[in-house]
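Enquirer: So the protein lines, in turn, are chains A and B. Numbering-wise, the working numbering puts 29 at position 27 of the first sequence, and it's gapless, one number per residue. Numbering-wise, the working numbering puts 84 at position 75 of the second sequence, and it's gapless, one number per residue.
If a hint is listed, it holds; no wrong ones were tucked in.
Calculated cross-link-like contacts (lysine to any residue; reagent style SDA-like; alpha-carbon spacing at most 20 Å): (1) Lys59/A to Leu12/B; (2) Lys68/B to Thr86/B; (3) Lys59/A to Glu80/A; (4) Lys59/A to Leu104/B; (5) Lys13/A to Glu50/B; (6) Lys59/A to Pro101/B; (7) Lys65/B to Thr105/A.
Per the computed footprint, the stretches of chain A lying under chain B, defined by three or more beta-carbons under 8 Å from a beta-carbon of chain B, are: (8) 45 to 55; (9) 85 to 99.
Hints listed in this document are in silico derivations from the structure and should not be mistaken for laboratory results. Every residue, glycine too, gets a C-beta built ideally from N, C-alpha and C.
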Amino acid sequence: DTGVSQNPRHKITKRGQNVTFRCDPISEHNRLYWYRQTLGQGPEFLTYFQNEAQLEKSRLLSDRFSAERPKGSFSTLEIQRTEQGDSAMYLCASSLGGDRLNTEAFFGQGTRLTVV
Amino acid sequence: TQLLEQSPQFLSIQEGENLTVYCNSSSVFSSLQWYRQEPGEGPVLLVTVVTGGEVKKLKRLTFQFGDARKDSSLHITAAQPGDTGLYLCAGPRQLTFGSGTQLTVLP
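Could you build all of it, start to finish, from the sequences and the hints given here?
Expert: Right, here's the structure in full:
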């Protein structure tokens, strides 16, 4: 397995456009997380899935953001009507789930979004 | 919401020096993790601490979990340029990350 894969690596879009990012987790991992990270800051949790179920969503996540994981494998994060404040690195991570709370999260290299 | 505060925010030192960075919270955590992130990459796990007072060592890195499980520290001995990166602490299930300490080790 090559680890967590995110596509695209970079996306430049005009304000008001919709964008979609894809994350392919490590195959046996049933937990998948999305984060947003701005320069010099730690990752900000957006949402996470256990298999195909979206179990938790940050209250900071506006209704312009939606994430899916339809078959419990890959996931997509869509941002509608992008704003300049959405410019950031979007990170995906996956981990083994179940009862283990301290499992290691493996991160992808992220998708850097620039809204112009 | 459990918040994690990290200090210092930035640290620039010379190769060979020792340093300590901190992760603090007003909340009790069942566990904390430390990650290191290099430019253009995602964070990579260094260690998980779960028991109050626990000390873990990873080569030149020493991690300590506070007795009350509200804080943690990372001590690096004889820092090397390869230690340069953003050091992050995270709460259980990776739902909360600190703001990070950006460490630069100059040759």
